[in-house]
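Novice: As given, the protein sequences belong to chains A and B, one line each in that order.
For the first sequence, this note's numbering begins at 1 and goes up steadily by one.
For the second sequence, this note's numbering begins at 1001 and goes up steadily by one.
Among the hints, erroneous ones may be present.
Unchecked claim - Straight line, CA to CA, 27 Å or less: simulated DSS-like cross-link-like pairs of lysine-lysine: (1) B:K1074 / A:K689; (2) A:K553 / B:K1039; (3) A:K375 / A:K296; (4) A:K553 / B:K1072; (5) A:K764 / B:K1039; (6) A:K56 / A:K80; (7) A:K689 / B:K1092; (8) B:K1092 / B:K1074; (9) A:K688 / B:K1039; (10) B:K1092 / B:K1002; (11) B:K1010 / A:K688; (12) A:K573 / A:K298; (13) A:K679 / B:K1074; (14) B:K1092 / A:K568; (15) A:K594 / A:K825; (16) A:K573 / B:K1010; (17) A:K679 / B:K1092; (18) B:K1010 / A:K553.
Unchecked claim - Label pairs and their computed distance ranges (CB to CB): (19) B:D1015 / A:E819: 44 to 52 Å; (20) B:R1033 / A:P128: 54 to 62 Å; (21) B:Q1084 / A:G767: 32 to 40 Å.
It should be emphasised that the hints constitute simulated quantities derived from the structure, not laboratory data.
The beta carbon of each residue, even a glycine, is placed where N, CA and C say it ideally should be.
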Amino acid sequence: MNVDAIVIGAGVVGCAVARELTRYNLSVAVLEAGSDVAEGASKANSAIVHAGFDAKPGTNKAKFNVLGNRMFEDVCRELKVPFRRNGSLVLAFGADDEATLRELQARGEQNGVRTEIISQEELRRREPNVSPEATSALWAPTGGICCPYELTFRYAENAAANGAEFYFDTRVAAIRREVPKGDFVGDAPFPYRLTSEDGREFLAKAVVNCAGLHSDEINNLVSGTKYSIRARRGEYLMLDRDEDGTFSATMFQCPSKMGKGILVSPTVDGTMIVGPTAEDVDDKEDKATTYDGLEKVKAGARRTYPGLPLGKVIAEFSGMRAHETTVGDFILGEPCDAPAFFNAVGVESPGLTSAPAIGVFLAGRVAERLGVSRKNPSQISRDVSWWPKTREMKPEELAELVERDPSFGRVVCRCEEVTEGEIRAAIRARVGARTLDGIKRRTRSGMGRCQGGFCTPRLIEILGAELGLPPESFLLSRKTAPKALASSARPGAADIETTLDVLVVGAGPAGLAAACAAKENGADGVLVLERDDAPGGILQQCIHNGFGLHRFKEELTGPEYAQRFIDKAAELKIPVVCGTMVLDIAPQPDGDIKVTAMSPRGGLKIYRTRSTVLAMGCRERPRGALMTPGTRPAGVYTAGTVQRLVNMDGIMPGRRVVILGSGDIGLIMARRLTFSGAKVLACVEIMKKSSGLMRNVVQCLNDYDIPLLLSHTVTDVEGREHVTGVKVAKVDDHLKPIPGTEIHYDCDTLVLSCGLIPENELTKKAGIEMDPSTRGPKVDANMATSVPGIFAGGNVVRVYDLVDWVSRDSEIAGRAAAEYAKGRKA
Amino acid sequence: MKMICINCPKGCEMDVVRNADGSVTVSGNSCPRGEAYGKSELINPTRMVTGLVRVAGMRKPLPVKTRTPVPKAKIDDVLFALHQTTVQLPVKIGDVIVADVAATGVDVVATANM
């Protein structure tokens, strides 16, 4: 293959350069070692658009930071990427810090960045949640926030729309210059010969080295001026959307002898990011998080935000910065001994901010070197493979969209409300997603509070159908998947009625019991809406027995128990509409309740009902909430996800399994996985006793000689692509791991069974008062919430041990809802 | 022999003793089911087996169970028999999927309508 210009590396800098190169009359190819764009530093960083007061005046860092910052509005508008100029604050804690603030301000002035020092009082007025220990702050109004992978991805899409070709899984192993010395222009048509690790050859007139952490190695293949990149790891915590609005600006801490400090910032996605640490590591790919690192992040963040709620952590991760150790600045341009070879070496922070400016600069240098002209504006495509984000759409727009394409009515990721249509669009884009991580970064599916617990089985099904591969192949690695082509679409289901007495949200045992009780107590119009494709809720996948002893005086399996209620609802002629996601519940001034729901066939539908019963159930705590250190490979699942994969999708996720947590689902899955041929090595519980029922410890672990390690926890997860092992250590009375007690397990799967949390997004949206102890709505003896007409039943209220109590209490809710509706009619 | 009753979520801790005359005394239980379990667990421990069988032409498996508990020692044989089984749809709850599984005298039945 031969082209005019080759870009090595598809991070934000590489993609920006590629996109700007396509503005010229050049053919462009991008070679990327990973299997997607933004696989390196671009996927895990602070997501900050820096104002530019920090960098040393006169450096490339200062120059490109300031230039890049000014370009952000335009670039993000063109690429349709969210960007917010929220401003940034550097906090001072005492007199020493205040002196530093003045230095920063002076540096900012030299860099051409306007800042202002504000008083403690003014700081507290703007940011009421900031620590009272902060004595003043430096305000930089031009600071901003952006989504780094979305920016990278749209740069890539626009580059591809303008003819750039992307080669993934293509690691450049050798570069040969055909002309040994001097200026080659006119001598050799394609002076650079690049060879990939697997032996493919690429010829180019010019090469741009945007290889991030490996940019030193690429440079050193070509030039006598050697560079050395040291990987500097930063660990982060991500907090739930609930924390949106805690701070409006990005909160930095004053750099001091102690280090650069930990930042606390809102993100454009409404979550909160906290971090990073800075630790030089030998291995450029070692993106594991550590116990100590996460402790540092927590302690540092509390200086800024004393109220940091650890219960709201949804993920922890680490990213790498490419720190160049000889020059310590961005190295941009041609080395003297390699004409038409251009470097972007050592682009660490503020690299994201600088990327647009670096892109324009390097593309310009390449064009100049090759003597090519700019394309006529009419030849330039503005396309970025944009697709609608349904969660941000107005109801009427959404209704119209779903009518055109029903797949935009099927919600796959509940936490982030991402629809199947968006996921298919992300796969079908020019530089489309081919992995679970690729979908996650393009659509946010799996990025919310359950971290893929619910949507993973659906995502692999869609990936499989779109790419013509077996769904389970996408479980092998979060980031690598084979290539293939195919396409399919599935039909939707559902149609409905509109004037209601009782609308029930959820067709699990709680919802069905409530609906039946409501109907039996005289409610006329009863309707159940269910987001899954079939009624029964989580019981569908609980194929073990032990349900119903109290209610039916016999031991049933989950599907049998569910079927009793499904049959009863059918006898009572209660419509149960599946494949329908309720998006909003809003009490109206006239006392009715407006329920907005979406389905592939019905589109967006609004119901009026006199009363409503919430029965959305609960979700599992994801890994992020547990703050388990280590890498983030494929092979880590919650117990419920494994249960769904094995029992409903017929997919075995692994062969050698360690279970963290001894919740009932984890215990049940220990037995199920053993039955299905896996070896369950241990069940590890941090507390002194099992959190599951003793009967399950006996019949699921003891029966099969599976050790239960009490007062132990997982201290490290190993493996790059897929889990290869875990470390387990004993914990002390404060639940801290005891050094020297580590046990190592070779395993391919880690299953988490660490508790359940009521699922209450809708409840909160409806303005219902919550009970912090149960994490569900506050309810009275009739299961009535604080909002008249809205009742709740089952695990959405609190996590129950027994489904018999779920159905019993939900029947109370159903009866009360019927009474309420009758009262309003009369 | 100390044991934990698995009949219900209460999980009673019981003491099960074989007397000189061969009879069995159970203490610590809080219901007759506990006593029965204790005796059976000492003499001939049994378990309900729930599992999955393949469905012809589908990825999704059918959930099944033994209609009554089977001897613990026979669980592997039961699982092997399930592994060897492929069913044709439609199937209703209670349909016999494997009769007299692993010569236990117990039928394996479907636990879902498919």
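Novice: Now tell me, hint by hint, if it's right for this structure.
Specialist: Here is what the structure says about each hint:
With a C-alpha separation of about 31 Å, the suggested pair K1074 of chain B and K689 of chain A falls outside the 27 Å cut-off, and the hint is violated. For the hint linking K553 of chain A to K1039 of chain B, the alpha-carbon distance of about 21 Å falls within 27 Å, and the restraint holds. Proposed proximity of K375 of chain A and K296 of chain A is contradicted: the alpha carbons are some 50 Å apart, above 27 Å. At roughly 24 Å between alpha-carbon atoms, K553 of chain A and K1072 of chain B fall within 27 Å of each other, so this suggested pair holds.
Restraint check: the Cα-Cα separation between K764 of chain A and K1039 of chain B comes to about 51 Å, which exceeds 27 Å; the hinted pair is violated. Straight-line distance between C-alpha atoms of K56 of chain A and K80 of chain A comes to about 32 Å, which puts the hinted pair past the 27 Å bound. For the hint pairing K689 of chain A with K1092 of chain B, the CA-to-CA distance comes to about 40 Å; that exceeds 27 Å, so the pair is violated. For the given pair, K1092 of chain B sits about 26 Å from K1074 of chain B by alpha-carbon distance, which is consistent with the 27 Å threshold.
Proposed proximity of K688 of chain A and K1039 of chain B is contradicted: the alpha carbons are some 30 Å apart, above 27 Å. Pair hint K1092 of chain B plus K1002 of chain B does not hold up; C-alpha atoms about 40 Å apart against a cutoff of 27 Å. Only pairs whose Cα atoms come within 27 Å are accepted, and K1010 of chain B paired with K688 of chain A is accepted, the gap being roughly 19 Å. Simply put, K573 of chain A and K298 of chain A have alpha-carbon atoms about 54 Å apart, too far for the 27 Å limit, and the pair is violated.
For the given pair, K679 of chain A sits about 19 Å from K1074 of chain B by alpha-carbon distance, which is consistent with the 27 Å threshold. Proximity of K1092 of chain B to K568 of chain A is assessed by CA-CA distance (about 16 Å); at most 27 Å being required, the pair is judged to hold. About 16 Å separates the Cα atoms of K594 of chain A and K825 of chain A, which keeps this hinted pair within 27 Å; it holds. The suggested pairing of K573 of chain A with K1010 of chain B is violated, with an alpha-carbon distance near 37 Å, which exceeds 27 Å.
For a cut-off of 27 Å, the pair hint linking K679 of chain A to K1092 of chain B is broken: about 32 Å separates their Cα positions. A distance of roughly 15 Å separates the Cα atoms of K1010 of chain B and K553 of chain A; the hinted pair therefore holds under the 27 Å criterion. For D1015 of chain B and E819 of chain A, the Cβ-Cβ distance of about 50 Å falls inside the hinted range of 44 to 52 Å, so the restraint holds. Restraint check, R1033 of chain B to P128 of chain A: a C-beta distance of roughly 59 Å satisfies the suggested window 54 to 62 Å.
Our hint of 32 to 40 Å for Q1084 of chain B and G767 of chain A is violated, since their Cβ atoms are close to 56 Å apart.
The structure does not agree with the numbered hints 1, 3, 5, 6, 7, 9, 10, 12, 16, 17, 21 stated previously, though it agrees with the rest.
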